[in-house]
Amino acid sequence: MKLEFASIRLPGQRVMLKGAAGFACLVLLLILLCSFLAPWIAPYDPNQVNMSERLAPLSPEHILGTDTLGRDVFSRLLYGGRVSILLAIAVTAVTMALGLIIGTIGGYWGGWIDDLIQGIVSIFQGLPGLAFMLAIAGTLGPGIKSLFIALIVTSWPDFSRVVRGEVMKIREESYVEGIRALGAGHYYIIVRHIIPNMIGPLLVLFTIRIGRVILSIASLSFLGLGLQPPAADWGVMVNDARPYFRSYAHLMLAPGLCIAVVSLCINWIGDHVRDKLDTKSSQERSLL
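Heads up: the sequence shown is residues 1 to 288, going by full-length UniProt numbering.
There could be a bad hint or two in this list.
[Stated by the list, open to error] Label pairs and their computed distance ranges (CB to CB): (1) Val-191 with Gly-129: 25 to 33 Å; (2) Gly-165 with Leu-257: 33 to 41 Å; (3) Leu-257 with Ser-59: 15 to 23 Å; (4) Ala-97 with Asp-271: 19 to 27 Å; (5) Pro-243 with Lys-169: 51 to 59 Å; (6) Ala-97 with Ala-260: 22 to 30 Å; (7) Cys-34 with Lys-145: 22 to 30 Å; (8) Met-168 with Ala-260: 33 to 41 Å; (9) Tyr-187 with Val-94: 56 to 64 Å; (10) Glu-177 with Asn-47: 54 to 62 Å; (11) Gly-143 with Val-191: 33 to 41 Å; (12) Arg-242 with Pro-57: 16 to 24 Å; (13) Leu-58 with Lys-145: 32 to 40 Å; (14) Trp-109 with Arg-246: 55 to 63 Å.
For the record, the hints were derived by calculation from the structure and aren't laboratory data.
Ideal Cβ placement from N, Cα and C applies to all residues, glycine included.
Make the full structure from the sequences, and use the hints.
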């Protein structure tokens, strides 16, 4: 017997999350719930320094011990989830909006506009992503602003190229041609017919990109180019724990495990939804 843990509703279809994807959804929801309820769940202030309890071992008072400044690791872990996940969602949303606008313009109108946009996209995609991201963050200086800009600048080309392909496919559909023949304007066609029919692929790309952005945020914070101490961020926690990894491995393993679990869960969900949508699309095409 198969268990259905959750479902995602898309226009005209319902994708069930089963098995590994359903379990991943439950784990992700639990992590999100704990992170956003951190002010009520966390037993201590995440930035409260107590040098008398510096590097305290695991105990009932500090279930994950304390760090080099005596701050409760469990409390910082809860607050760090809020920062990492919210920032990843914000970056991905802005990136998707930018890619949606640029990709729609190029895919719908085509011609020299599309050639110009694709030339710019090719330049960005030809640069090594991580190196380009480090260069931008290093030039602007460490901080959340430079982190935000670096992630958006290096991510929007992928979104725009996917959107362009979907728009070029949808604009050739017979119903779009019929609506255009009836006198519908470009804005009406794009907003009412093209964008709603891209929700499925965009949702898949959005979920997968969030996982990558979380890893990128952690990487930049680990290198000292992202969020700065004393911010309670998973990447910052991993960076702070580096000198003590041999003696106090849990200081690095706890936030590192959170990063890995969240990214893995999001990718599982995204892959499952993509597989289901691809299966439905291939079945529909075989009936034509």
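Evaluation of the provided hints:
1. A beta carbon spacing of about 32 Å between Val-191 and Gly-129 agrees with the range 25 to 33 Å that was offered as a hint.
2. Distance hint check: the CB atoms of Gly-165 and Leu-257 are about 36 Å apart, consistent with the given range 33 to 41 Å.
3. At about 20 Å, the beta-carbon gap between Leu-257 and Ser-59 stays in the expected band of 15 to 23 Å.
4. Separation of Ala-97 from Asp-271 is about 24 Å and conforms to the stated range, judged on CB atoms against 19 to 27 Å.
5. For Pro-243 paired with Lys-169, a C-beta distance near 53 Å keeps the hint of 51 to 59 Å intact.
6. As the Cβ distance of Ala-97 to Ala-260 is approximately 28 Å, the hint placing it in 22 to 30 Å holds.
7. Between Cys-34 and Lys-145 the CB atoms are about 28 Å apart, so this pair conforms to the stated range of 22 to 30 Å.
8. The supplied range of 33 to 41 Å is met by Met-168 and Ala-260, whose beta-carbon atoms lie about 37 Å from each other.
9. For the pair Tyr-187 and Val-94, the beta carbons lie near 22 Å from each other, so the given range of 56 to 64 Å is not met.
10. Restraint check, Glu-177 to Asn-47: a C-beta distance of roughly 60 Å satisfies the suggested window 54 to 62 Å.
11. Checked against the given bound of 33 to 41 Å, the beta carbons of Gly-143 and Val-191, roughly 36 Å apart, stay inside it.
12. For Arg-242 and Pro-57, the hinted distance range of 16 to 24 Å is satisfied, since their beta carbons lie about 19 Å from each other.
13. Distance hint check for Leu-58 and Lys-145: the Cβ-Cβ separation is about 37 Å, which falls inside the suggested range of 32 to 40 Å.
14. Checked against the hint of 55 to 63 Å, the pair Trp-109 and Arg-246 passes, with Cβ atoms roughly 59 Å apart.
When each numbered hint is compared with the structure, a violation occurs for hint 9 only.
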